[in-house]
Structures are given as structure tokens and as C-alpha cells.
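Trainee: Each chain, letter by letter, is given below.
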Amino acid sequence: MAAYRADDDYDYLFKLVLIGDSGVGKSNLLSRFTKNEFNLESKSTIGVEFATRSIRVDDKVVKAQIWDTAGQERYRAITSAYYRGAVGALLVYDVTRHITFENVERWLKELRDHTDSNIVIMLVGNKADLRHLRAVSTEEAKAFAEREKTYFMETSALESLNVENAFTEVLTQIYHVVSRKALEVGDDPAALPKGQTINVGKDDVSALKKIGCCSA
Amino acid sequence: MEGDDSSRRTTNADVSALNSESSDSDSSEDPEVIQGSTFLDGEEENDPDVPLKRKFSPSTNEWLSKLHATEDFSTWQRIIRLDAIRANTEWMPYSVSQAAVSDRRACRLAKAVGLKDYDHLEPYVIFHAARLVTILEAYALYDPEIGYCQGMSDLLSPIISVIPDDYEAFWCFVGFMKKARHNFRLDEVGIRRQLNIVSKIIKCKDSHLYRHLEKLKAEDCFFVYRMVVVLFRRELTFEQTICLWEVMWADQAAIRAGIGKSAWSRIRQRAPPTDDLLLYAIAASVLQKRKLIIENYGSTDDIITECNSMSGQLDVWKLLNDAHDLVVTLHDKIESTF
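Chains as they are written, first to last, in my numbering: chain A, 2 to 217; chain B, 129 to 466.
Simulated from the structure, these hints should not be mistaken for laboratory data.
Here are some of the chain A residues that sit facing chain B, going by a computed Cβ distance under 10 Å:
# : residue
1 : Glu42
2 : Ser45
3 : Val49
4 : Phe51
5 : Gln73
6 : Glu74
7 : Ala82
Heads up, simulated BS3-like pairs for lysine-lysine below, C-alpha to C-alpha not over 27 Å straight-line:
#  : chain 1 : residue 1 : chain 2 : residue 2
8  : A       : Lys44     : B       : Lys244
9  : B       : Lys461    : B       : Lys331
10 : B       : Lys417    : A       : Lys36
11 : B       : Lys239    : A       : Lys44
12 : A       : Lys44     : B       : Lys306
13 : A       : Lys64     : B       : Lys343
14 : B       : Lys306    : B       : Lys328
Every residue, glycine too, gets a C-beta built ideally from N, C-alpha and C.
Throw the hints in and build the complete structure from the sequences for me.
Mentor: Structure follows, in C-alpha cells:
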């Protein structure tokens with residue numbers, strides 16, 4: 002992998018996408034997770050941007066390549082092209098603006114239309130620090146997530162609340178799916194909400210770096 | 129292509145060709161005119177009372193309803209307010225009077241346009257945001273096919289920084305958007321045409337680099353998407369942006385005024401005016417990194433990262449020089465195919 006910098010030593014590379022309406026805080030979630038930065042006046046994302054960060058899961062180094070996308074409907078055609086090969090998604094809404102939660106359903110459909118059915122999805126209610134402005138209750142979102150079989154977490158990129166947890170949880174679940182697939186272990190419905198396989202095709206960005214894992 | 133007009137016409141032909149697969153409003157003959165309406169063309173349209181009453185052909189209505197199924201005016205309003213609040217403040221030192229706006233005046237305007245969540249901001253930021261809202265909402269009504277698309281606030285912000293009156297700034301923006309609006313079309317025809325030209329310039333100038341891009345499946349040049357959409361606004365500083373845009377506009381004005389290629393070439397070392405100077409500049413910015421791309425980059429992702437991190441790294445004068453060199457050597461080839 003000559004293309005990647007020398008300090009990049011990892012066992013797995015997982016591609017994640019950050020999607021959701023404009024202004025829900027996708028870019029700030031990304032910069033909080035990858036650079037520990039937050040910018041109240043961060044610009045709208047035009048097209049796509051991405052950043053990476055490696056974390057440790059069990060004894061493996063998992064590198065997340067996270068694609069941040071423009072929120073506006075108009076950019077959907079270009080951004081959806083970047084869904085390809087994604088094995089995880091954070092679908093973000095703003096807990097202070099109910100409309101962004103209502104639109105989650107459309108985003109979910111969009112995501113499922115463009116990605117492998119086994120993609121690990123987490124519904125993320127961001128801006129949880131704005132307690133006095135809350136417009137979407139935790140219960141409402143939780144019920145939706147259960148119905149749609151996605152994970153769920155409330156976060157605050159500003160207060161650095163749960164950001165680490167949200168990304169780590171998604172990456173860990175993907176890791177479990179992939180390593181389970183590798184070991185050909187049978188079903189364990191308790192650990193995962195749905196199907197157990199993730200398609201790790203040859204040209205997937207998510208392809209395993211080290212041989213042996215896929216071929217079992 | 130012999131006349132100055134012809135390059136514009138080939139642009140239209142190209143757009144029509146790209147449109148041939150779809151039967152919606154994109155079959156428009158002239159990309160500068162919304163089909164079924166003439167409001168973006170002609171002097172008499174400079175009457176602020178006119179734009180609200182528009183007649184659309186059935187196909188345009190179909191197109192609009194498709195867009196409106198997902199985006200309506202209230203959606204645009206919401207996104208405009210979001211973007212207005214987070215507009216950058218680099219313009220401040222260049223517009224002393226607007227920077228010195230009183231708290232009362234700023235808040236009065238903000239209230240009038242329904243701005244929210246601005247308590248933490250300085251008066252000049254609030255004032256700037258409120259002006260952005262005023263003009264962008266007016267534009268969304270004036271050009272409902274485009275409405276509001278993120279990135280438009282980036283284009284308007286420098287304009288209102290140098291033009292204190294809203295009505296003047298609005299009409300300047302309308303003029304600016306005549307060309308730029310195609311980047312924001314839902315069907316992506318405009319943006320794809322421009323990315324194709326950047327790709328063609330790179331192909332003609334540097335076949336080695338182009339082959340490398342092909343190998344990485346990046347020859348479509350989607351990695352310069354943002355540069356095209358907001359005309360380098362995110363990569364350049366305020367002062368550099370104004371500089372690049374003015375040179376670009378001078379070229380376009382020269383074409384409109386019918387300044388012959390020979391007269392122009394005496395002024396600028398044989399670089400004829402082009403409608404697409406921006407695209408040559410974008411190609412130049414990529415070509416400046418050719419060695420790095422060929423030797424070190426093994427995936428599209430690397431190139432996207434590089435392009436997204438050009439902010440603050442570019443020398444606008446070098447960029448313009450390189451762009452003009454490309455125009456001199458390539459304009460015949462490029463403009464005969466687009």
C-alpha cells in the first residue's frame with residue numbers, strides 16, 4: 002500500500018459515510034473525531050470531503066476513512082456516488098430541528114438503495130448540548146432506530162459528548178461482522194440487529210489489508 | 129472556431145448534446161435562458177417588480193415539480209439562514225463602513241429577515257448574514273429553477289462586501305449567476321460539462337499525468353468539483369478571489385464587447401479572451417501538483433485530499449500566469465470540441 006503514508010499501519014480499513022440534512026453538524030462530528038476540533042462557523046460542505054483516523058479494536062488497528070457529504074438534496078447525485086464501498090454510516094439529525102429527524106427516513110432509503118444491505122448504520126442525534134431547544138425526544142428517535150434496526154446515539158460535537166463512542170461503536174460492529182465472516186461463525190442475533198455478512202468485494206475500499214482474513 | 133461568439137455557441141451545442149437523453153427542460157437551446165421564461169435575459173428585466181410572475185412551459189413545470197417534490201422555498205429559506213450565519217468574515221477589513229455597522233441596525237435587519245441564533249455574533253457578522261438572506265431569498269424567487277443551492281452564499285458574500293446597496297448587489301449577483309447557475313442544476317449538466325473541459329485541458333497539456341489519472345479512474349476530474357462550483361472561493365483568500373474573478377470577468381466582458389482576438393492578444397501575449405478562464409486556472413492548479421500526483425498518489429482519495437487542502441496554499445498570480453499559458457497553447461483545441 003505504497004499510496005498510504007508510512008505512519009499508516011493498520012489491519013483493517015473501513016469506509017464510513019456521514020449523511021443527513023444540512024447544518025446538523027456532520028463536518029463538526031468528523032473534525033471532532035479525527036482532529037478533536039470544533040468550529041461553530043464551519044462552512045457548508047460542497048460535494049464531499051474526507052478524513053481518517055485509526056483506532057484499536059481488540060488487538061487490531063482499524064483505520065476509518067470517513068466521508069463527509071453535502072447535506073443539501075441538490076448534491077445527492079454526487080454524494081451518493083461516494084456511498085459505494087461504505088460498510089458503515091452515521092445518519093445524523095439535529096435534536097433541535099424536528100424536520101431534520103423527519104428527513105431521516107429519506108436518507109435511510111437513499112443509503113439502502115446505494116449500499117450493501119449489511120451496512121452498519123447508526124442514527125445520530127447531534128447537538129444534544131442544546132437541552133433547552135430540544136425538539137426530538139430521545140424516546141422518539143430510539144423507537145425509530147429500533148424499528149429500522151439501526152444503532153442509535155445522541156451526541157454533541159461541541160461538548161465532545163459521545164462522539165468517540167458513536168464512531169467507535171460503528172467501527173467495532175463492522176469489525177465484528179468482518180471477523181465473524183472471516184471465521185465463518187454462525188448466527189448470533191444478540192450481537193447484531195440483522196444479517197451477519199458484509200460484502201468485502203475486491204474493489205471495496207473496505208477490503209482487508211492483510212490476507213487470510215477474507216479467504217476463510 | 130472563428131468568431132468570439134462561436135465559442136459560446138459551441139458551449140450551447142455541447143449542452144444540448146448532453147441533454148439529448150433527457151426530455152425535460154434541459155432541451156433549452158440557450159443555457160443562459162430558462163426555457164419558457166426569458167427573465168434572465170434582456171435589459172427590461174431589471175425591474176424588480178417583474179420576476180415574481182413567470183410563465184413556464186409544461187416541461188419546465190414538470191422539472192420544477194420534480195425538484196419541488198424534495199425542495200421547496202421553505203427548505204431553501206432554512207438552508208440560506210444556516211449558510212448566512214456561517215459565512216466567513218474575511219471581507220471585514222475591505223469594507224470599513226459595513227464593518228462599523230451599529231448593533232441596533234444589524235439586529236433590526238436580522239429581525240426583519242427572520243434570522244435566528246445570532247446572539248453570539250458580532251454586529252457586522254449579523255448584518256452581513258442578514259444581507260445574504262435578503263438577496264439569496266430574492267434570487268430564489270427570481271430563479272426558481274435553481275432556487276438556493278449551497279455554495280451560492282460563497283459567491284454572493286464578496287459581492288455584497290463591495291456593494292453596499294442591496295438592489296445593486298442583487299442585480300450584480302443575477303449577472304454573475306447567468307453563468308454560474310448551471311453549476312447548481314439538479315441534473316448536473318453544467319458541472320459535468322465544466323469538469324469535462326478541465327479533464328480535456330489536462331489531457332491535451334500533460335498526457336503522462338492524464339494516463340495516471342486514468343489509471344486511478346480519476347480522469348473525470350471530480351476531485352476539482354468544489355473549485356468549479358464555488359469558483360475557487362474556498363481555496364483562495366478574499367483578496368485573491370476578487371482578483372481572479374475580476375480577471376475572469378474581464379475576459380467575459382471582452383467577449384461580450386466583441387473585442388477581436390488580435391487586439392486582445394497584443395495586450396496579453398497572445399492569450400485570447402475565453403469564457404472558461406476559471407477552468408484553465410483549475411487545470412493549472414492540478415498541473416502544478418503533477419509530480420506529486422504521479423509519484424506519490426495511488427488513489428482518487430489522495431487527490432481529493434490534496435485538492436481539499438489547497439486552501440491558503442495558492443499563489444493567484446502564478447495561477448493566472450499558468451492559466452494564460454494554457455489558454456495560449458490550448459484554446460484552439462479545447463474550444464473546438466466544447
